[in-house]
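*Asks:* Chain residues, written in single-letter form:
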Amino acid sequence: MKVITKNFTIESRKKIDFIDITNSVEDVLREVEVVEGLVTIFTPHTTTCLFINEDEKRLMDDLEKMLEKLVPIKGNYFHDNVDDNAYAHLRSILLSTSISIPVSGGKLLLGTWQNIFLAEFDGPRKRTYIIQVMGA
Amino acid sequence: MKVITKNFTIESRKKIDFIDITNSVEDVLREVEVVEGLVTIFTPHTTTCLFINEDEKRLMDDLEKMLEKLVPIKGNYFHDNVDDNAYAHLRSILLSTSISIPVSGGKLLLGTWQNIFLAEFDGPRKRTYIIQVMGA
Amino acid sequence: MKVITKNFTIESRKKIDFIDITNSVEDVLREVEVVEGLVTIFTPHTTTCLFINEDEKRLMDDLEKMLEKLVPIKGNYFHDNVDDNAYAHLRSILLSTSISIPVSGGKLLLGTWQNIFLAEFDGPRKRTYIIQVMGA
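Chains as they are written, first to last, in numbering that gives the first Met the number 0: chain A, 0 to 135; chain B, 0 to 135; chain C, 0 to 135.
Worth flagging that the hints you see were computed from the coordinates, not collected in a lab.
All of these numbers come straight from a predicted model, not from anything done at the bench.
Careful, some of the hints might be misleading.
[To be verified] Label-pair ranges, simulated between beta-carbon atoms: (1) A:D26 x C:K106: 39 to 49 Å; (2) C:P123 x A:E30: 29 to 39 Å; (3) C:K106 x A:K125: 43 to 53 Å; (4) B:G74 x A:N75: 20 to 30 Å; (5) C:G105 x A:A135: 30 to 40 Å; (6) C:R12 x B:T8: 44 to 54 Å; (7) B:P123 x A:P123: 35 to 45 Å; (8) C:V81 x B:R12: 36 to 46 Å; (9) B:E30 x A:N80: 47 to 57 Å; (10) A:T111 x B:G74: 20 to 30 Å; (11) A:N6 x B:R29: 49 to 59 Å; (12) A:E10 x B:R29: 45 to 55 Å.
Where a beta carbon is used, it is the ideal one built from N, C-alpha and C, also for glycine.
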């Protein structure tokens, strides 16, 4: 049973950004040679999140619009007196900071249309995410 | 330490459907004889999700109504020019594609009122979910 | 490879409450001496949830306001004929019942501003959460 944990750094390109990180997860899995196990991806920030869905440009535009409707950037937030990014924290809470994906037969069990994204809500900035593989 | 991964197929019955899959998870756990460990459930689609809550008919009606309010089926979505199901992708992002449940003393540590659901947002269709048990 | 599972009990102080449980997770990790592994936190209730974000008073007020906007306490819910807390179940579905955090070098890989919260939506009550550490 192995536990391998790796840190990755990326640069988000704008205030709100959805970055496909699937390749880095596939690369780690190939490198560590775990055949049966679990991959956990984690983002150690309070204004980013992780999600899985289709990498389709118009869908990402819809997602940005949906988040703006549910948790608008300008929203009379109390936390904006501390730091002008309450919406980014709230979106991060609404979505998630970790995702888990089973590995079997040496393959990440993502569906055909599933990609893994890091969502930036307070960019552009340098960001980190962690990929952990546990298994044998 | 064992890692057992199993695929399940179900048929959703309508466009929006919440299917209680708790029994299949309990069955797998009994079969694999893991006493201490972790169960991960994963859905490999981009228009379904997984959640845990009470299996109560009226609550499921409330959930359908809440999702229609937050992410309506008809919403002037850009992705609807590609495929007429943007709302289903967005709901899947808003909720989650994986859940983790600890196992101890041979038991899934679900609370009394907790059941595990697969949510269909673009049915009726044949759907898959993966149950992985890791432990000893 | 060890799997250690511990139960914790806390008392929420009001109807809607966000309780920082980070210290208990750090304590368990120190106690079990797992250097490389995964921590899973799970809440076995249908009207609580878990999330990670900054422990900042005004942000928690914003979160309460956001949830009241998205899933109001009074909402003409069908489930309220069964039990007067449909909003609490729905919020629990919208957020999450489990979180996963990688451990490496004996440390929980939380970011500088990240804290772990149990969210109470139907308090004040005695509540339980489970911390599981798997690793070596």
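*Asks:* With reference to the structure, classify each hint as holding or not holding.
*Replies:* So, going through the hints one by one against the coordinates:
1. A:D26 x C:K106: 39 to 49 Å: violated (24 Å)
2. C:P123 x A:E30: 29 to 39 Å: violated (49 Å)
3. C:K106 x A:K125: 43 to 53 Å: Since K106 (chain C) and K125 (chain A) have Cβ atoms about 21 Å apart, the given range 43 to 53 Å is violated.
4. B:G74 x A:N75: 20 to 30 Å: Hint holds: Cβ distance 25 Å, inside 20 to 30 Å.
5. C:G105 x A:A135: 30 to 40 Å: violated (22 Å)
6. C:R12 x B:T8: 44 to 54 Å: Between R12 (chain C) and T8 (chain B), where Cβ atoms are some 45 Å apart, the hint holds.
7. B:P123 x A:P123: 35 to 45 Å: holds (43 Å)
8. C:V81 x B:R12: 36 to 46 Å: violated (23 Å)
9. B:E30 x A:N80: 47 to 57 Å: Since E30 (chain B) and N80 (chain A) have Cβ atoms about 55 Å apart, the given range 47 to 57 Å holds.
10. A:T111 x B:G74: 20 to 30 Å: holds (25 Å)
11. A:N6 x B:R29: 49 to 59 Å: violated (39 Å)
12. A:E10 x B:R29: 45 to 55 Å: At roughly 48 Å between Cβ atoms, R29 (chain B) and E10 (chain A) fall inside 45 to 55 Å, so the hint holds.
Hints 1, 2, 3, 5, 8, 11 from the list above are not met by this structure, while the remaining hints are.
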